[in-house]
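Each chain, written out:
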Amino acid sequence: MWTLSPVLSPPGELAPEPPAAEQIDPRIPGNKAIWVGIFAEMTEFALMFLVYFVARAHHPETFHLGAGRLWTLAGVVNTLVMLTSSFLVARAVLAMRADHADRALVWLIGAFLTGLGYPLMKVLEVRWNLARGLDGRGDVFQLAYYYLTFNHLVHVSWGLLGLAWIIARTATGGYSASDHRGLVAFASYWHTTDLIWLMIFPLFYVLP
Amino acid sequence: MTAVRVIDLTWIALIGLTVLGVALGEGASPDLAISLVVATITAIKGRLLIDRFLELGGAHPGIRRTVRTFGLLVPVLIVIVHLFGDRIASLTTL
Numbered sequence: 001m002w003t004l005s006p007v008l009s010p011p012g013e014l015a016p017e018p019p020a021a022e023q024i025d026p027r028i029p030g031n032k033a034i035w036v037g038i039f040a041e042m043t044e045f046a047l048m049f050l051v052y053f054v055a056r057a058h059h060p061e062t063f064h065l066g067a068g069r070l071w072t073l074a075g076v077v078n079t080l081v082m083l084t085s086s087f088l089v090a091r092a093v094l095a096m097r098a099d100h101a102d103r104a105l106v107w108l109i110g111a112f113l114t115g116l117g118y119p120l121m122k123v124l125e126v127r128w129n130l131a132r133g134l135d136g137r138g139d140v141f142q143l144a145y146y147y148l149t150f151n152h153l154v155h156v157s158w159g160l161l162g163l164a165w166i167i168a169r170t171a172t173g174g175y176s177a178s179d180h181r182g183l184v185a186f187a188s189y190w191h192t193t194d195l196i197w198l199m200i201f202p203l204f205y206v207l208p
Numbered sequence: 209m210t211a212v213r214v215i216d217l218t219w220i221a222l223i224g225l226t227v228l229g230v231a232l233g234e235g236a237s238p239d240l241a242i243s244l245v246v247a248t249i250t251a252i253k254g255r256l257l258i259d260r261f262l263e264l265g266g267a268h269p270g271i272r273r274t275v276r277t278f279g280l281l282v283p284v285l286i287v288i289v290h291l292f293g294d295r296i297a298s299l300t301t302l
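Chains B and R are the protein sequences, given in the same order. Counting from 1, one number per residue, gives the positions in the first sequence under the numbering used here. Counting from 209, one number per residue, gives the positions in the second sequence under the numbering used here.
Next up, chain B with everything else stripped away, as it sits in the complex (with noise of 0.2 Å):
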């Protein structure tokens, strides 16, 4: 009934259209709130970042020590995976933009198969430190390793739970070439993590 609002619609007229929805800004890839979670990342990796600045100026020999200590391999194979499993999601969002769905989905099983080897060689890597008496209970150096790449392993894992869902979407049909705002959403998260890896990496495993 149109009665309902007999001020603004008096009878025989209809009532004005509802507010349109929310325009969608081409200029923020995915949507809004995924940037607010990758925002609120990058913000607590910024302040982790300048904790390992400040203590790495009070112990700058400590660090130096440190970075020969760890299993330098492991590092270089985390990034490697990061890095394939990044370039893996924008191959697939290149092909659901060319409605190439089914390789789409491809594409993201073979990210979500190679973002798996970064938990895998975190725990052979974990094994391998307390094999060495590298247990966090050390220096600041051990402190700050443990703290930084846990709490990264942390967004990874939320990463990968993220990658199983989309893989799950794509599988049904749930993105298109001309609608997929969800996979470029999850994209843009998987590559901001893949970003901080970059950063921390040179940290421990790379910098004298």
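Derived from the structure by calculation, the hints contain no laboratory data. A portion of the hints provided could be inaccurate.
Stated by the list, open to error - Partial list, derived from the structure: chain B residues whose beta carbon lies under 10 Å from chain R:
{"no.": "1", "residue": "L50"}
{"no.": "2", "residue": "Y52"}
{"no.": "3", "residue": "H59"}
{"no.": "4", "residue": "F63"}
{"no.": "5", "residue": "T72"}
{"no.": "6", "residue": "L80"}
{"no.": "7", "residue": "S86"}
{"no.": "8", "residue": "L120"}
{"no.": "9", "residue": "V126"}
{"no.": "10", "residue": "N129"}
{"no.": "11", "residue": "T149"}
{"no.": "12", "residue": "D194"}
{"no.": "13", "residue": "L195"}
Unchecked claim - Footprint (simulated), chain R over chain B, 3 or more residues, beta carbon under 8 Å:
{"no.": "14", "stretch": "24-30"}
{"no.": "15", "stretch": "41-49"}
{"no.": "16", "stretch": "199-207"}
As the list claims (entries may be wrong) - Restraint ranges, calculated between C-beta atoms of paired labels, are given here:
{"no.": "17", "chain 1": "R", "residue 1": "G266", "chain 2": "B", "residue 2": "A177", "range": "15 to 21 Å"}
{"no.": "18", "chain 1": "B", "residue 1": "S176", "chain 2": "R", "residue 2": "H268", "range": "22 to 28 Å"}
{"no.": "19", "chain 1": "R", "residue 1": "G224", "chain 2": "B", "residue 2": "D139", "range": "29 to 35 Å"}
{"no.": "20", "chain 1": "B", "residue 1": "S176", "chain 2": "R", "residue 2": "A211", "range": "14 to 20 Å"}
{"no.": "21", "chain 1": "B", "residue 1": "H64", "chain 2": "R", "residue 2": "G266", "range": "41 to 47 Å"}
{"no.": "22", "chain 1": "R", "residue 1": "G224", "chain 2": "B", "residue 2": "F39", "range": "28 to 34 Å"}
Backbone N, C-alpha and C define an ideal beta-carbon position, used for all residues, glycine too.
Use these hints to put chain R onto chain B, whose structure you have.
Positioned in the frame of chain B, the structure of chain R alone reads:
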């Protein structure tokens, strides 16, 4: 160059820069030159990922500038702490 080709080449460049950085840093002494090299490689890798994988070139300026600034945070701090580590330590001593 197609978008696919750009993504492929970016991935190869990121892998190459990672290996190069590790090779240069392995066994090096903590001097200014190596800090500058590590900071530069980190900054280039970050910018490549932001522009090519994240595709923020046409994004909202607030997003683009914030992420690009974040990508420079660690490289800049590597150099600053190397140059002014003692000063920073004295300023942050309770």
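**Report entry** Contradicted hints - numbers only
**Finding:** 8, 9, 10 and 11
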